[in-house]
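J.: The lines below spell out each chain.
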Amino acid sequence: MTTWIIILGALYLGMLAFVATNSFKKNKNAEDYLLAGSNIGLILGFLTFAATLFSTFTLLGMPDFFRINGIGAWIFLAVSDGGMVFLILWWGYHLRKKVAEKGFNGVAGLLIKCYQNKWAGYVSFAGVFLFLVPYVAIQIRGIAIFLTAVFPDAMPFWGWAIAIVAIMLTYSEIGGLKAIMHADAIQGLTLLIVTWIIGIRCVDYFGNLENMFDQVEAVNASLLSTPGPTGLFNVQFLVASFLVILFIPVTQPQLTIRLVIMRNLKTTHMMAVAVGIFAILIILPTAFIGMYGAVRYPDLATADFLSRVLLYEQPDFIAAIAVVGLLAAGLSTTDSQIFALGTEVRSLLKGDEKKILSITRYSIFGFAVVALIFSVLASDQLVMLARVSFAGTAMLAPMILTGVLSKKAMGSEIIIATAMALLIFILSLLGVVPSEIGPVRLDLLLLILLGAFSAISYQLRK
Amino acid sequence: MSSSKKMTAWRMLIVCAFLLTIVTFTPLVIPKGVFEPKLFGMPYTLWMTILITMLYVVLTFIGTKVHPGKDTDK
Numbered sequence: 001m002t003t004w005i006i007i008l009g010a011l012y013l014g015m016l017a018f019v020a021t022n023s024f025k026k027n028k029n030a031e032d033y034l035l036a037g038s039n040i041g042l043i044l045g046f047l048t049f050a051a052t053l054f055s056t057f058t059l060l061g062m063p064d065f066f067r068i069n070g071i072g073a074w075i076f077l078a079v080s081d082g083g084m085v086f087l088i089l090w091w092g093y094h095l096r097k098k099v100a101e102k103g104f105n106g107v108a109g110l111l112i113k114c115y116q117n118k119w120a121g122y123v124s125f126a127g128v129f130l131f132l133v134p135y136v137a138i139q140i141r142g143i144a145i146f147l148t149a150v151f152p153d154a155m156p157f158w159g160w161a162i163a164i165v166a167i168m169l170t171y172s173e174i175g176g177l178k179a180i181m182h183a184d185a186i187q188g189l190t191l192l193i194v195t196w197i198i199g200i201r202c203v204d205y206f207g208n209l210e211n212m213f214d215q216v217e218a219v220n221a222s223l224l225s226t227p228g229p230t231g232l233f234n235v236q237f238l239v240a241s242f243l244v245i246l247f248i249p250v251t252q253p254q255l256t257i258r259l260v261i262m263r264n265l266k267t268t269h270m271m272a273v274a275v276g277i278f279a280i281l282i283i284l285p286t287a288f289i290g291m292y293g294a295v296r297y298p299d300l301a302t303a304d305f306l307s308r309v310l311l312y313e314q315p316d317f318i319a320a321i322a323v324v325g326l327l328a329a330g331l332s333t334t335d336s337q338i339f340a341l342g343t344e345v346r347s348l349l350k351g352d353e354k355k356i357l358s359i360t361r362y363s364i365f366g367f368a369v370v371a372l373i374f375s376v377l378a379s380d381q382l383v384m385l386a387r388v389s390f391a392g393t394a395m396l397a398p399m400i401l402t403g404v405l406s407k408k409a410m411g412s413e414i415i416i417a418t419a420m421a422l423l424i425f426i427l428s429l430l431g432v433v434p435s436e437i438g439p440v441r442l443d444l445l446l447l448i449l450l451g452a453f454s455a456i457s458y459q460l461r462k
Numbered sequence: 001m002s003s004s005k006k007m008t009a010w011r012m013l014i015v016c017a018f019l020l021t022i023v024t025f026t027p028l029v030i031p032k033g034v035f036e037p038k039l040f041g042m043p044y045t046l047w048m049t050i051l052i053t054m055l056y057v058v059l060t061f062i063g064t065k066v067h068p069g070k071d072t073d074k
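Quick note, the sequences are listed as chains A and B, same order. For what it's worth, the numbering used here labels the leading residue of the first sequence as 1, then goes sequentially. For what it's worth, the numbering used here labels the leading residue of the second sequence as 1, then goes sequentially.
Hint data in this document are derived by calculation from the structure and do not stem from the laboratory. Built from N, CA and C at the ideal position, the CB exists for glycine as well. You may find that some hints are simply not true.
[Said to hold, decoys possible] Simulated pairs of lysine to any residue, SDA-like, Cα-Cα distance not exceeding 20 Å: (1) B:65 / A:43; (2) B:70 / A:405; (3) A:266 / B:1; (4) B:65 / A:270; (5) B:6 / B:69; (6) A:97 / B:10; (7) A:266 / B:13; (8) A:97 / A:407; (9) B:32 / A:408; (10) A:355 / A:173; (11) B:70 / A:264; (12) A:408 / A:355.
[Unchecked claim] In silico negatives: residues of chain A with every beta carbon more than 12 Å from chain B: (13) 10; (14) 15; (15) 21; (16) 75; (17) 97; (18) 149; (19) 314; (20) 427; (21) 458.
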């Protein structure tokens, strides 16, 4: 397996070097470097969007989520993604309309123009920074843990984490968004192929789907329905998850940017359909892997389960593709997120373009270092940490939506309410404020209250 | 298709997506502890929600045809 990993790893790194240098030559200005020239076609657009959305946590987190919590994991992610792609039709149109009117160099900058208030940009950036960095960190942590399991004697966990961040920074800083997008395209396809090969092998172990689910029923029937054996997938959790995932293209700048830089509205809309199909195709085999794990390894720790099912039970070549595919998956999401944070910084600045670009590059480096440190401190609950990230950024949704939808500048009350909601949510994560108010989850309550408040403010100012 | 027809179709589509979302979180789709009837061996809630996800994608595809928005080419 090691030989195959070295060969495929070298091929992958060579490809990254090629796209980075090629993009470097083609990048003529900051627009090219940060927004890839804003003329992205359907295939590249769909692959980069999908690769940014589905990452390490898809292949590392979702099988384990299915194994531990049961089939409700499908509703948690796939149904929510289905709703999300429908929302892109509506949101993509309004976002692009506003961008055509006001220009775009980042979501924070756009909000400053929409609200005519710089605090809208600052609050947006603060929310994105606070909740994207942990998300980036868990991607780095996920791959680093996995690589440590594959090569236990090569280097410690933090060594892998540094190597991952160094690779990501090198090609992102050189090639900009175009390099990231081309790398995404290859990664998206690799991840899809690897996941299906392993998923099919898991079903094959039982002979067919029917036998597999019969075995799951025999081991733990509660995995086959909601709320699942741990009781996690109750209606409230699923509804709250649906809402926070629904708003990802609104609130997470790495995806918002991709909607803006598509060639035209039709391409944006067709991209949404393609992402929906991709979501079904990529999540389905993770359910098979999870069910396989539920029967064969119900009590193993996450890392042990994953290293067995993804590596040791696979032929060397497949295991090597899985390792390189995971590395690529993690890189494609983290680079997009870190780069988007850089773009957000740029959108808050004014002045000489060269100086701003230079600050942006330094800030990308700084964000990567912060994410690296956080990756060493984070827990192994990849999916749950990802969900916290989705929930945190979702608090920005009412502010972004009202800002973009309104023809007039909205008042500062929405900015203040958003900042307060973010603060309360952070306090709940720190255990200072309860995470449930009576029978209601705090994240759901905050979203509903913030949404209602913003809607009233929007109507009154209309 | 005329723009008024497109607008009507788009609004109907939004209603369909909204109803689909509501139905998803009712006991009709996620009954507590129930996994029958099975389809191709898959438990009820799994195949039902796979179907719902597919329906979202179909609605999205229809939406690309009837969305009344004009192109905002740059």
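J.: So which hints don't hold here, by number, going up?
T.: Hint check: 9, 12, 16, 17 fail, others pass.
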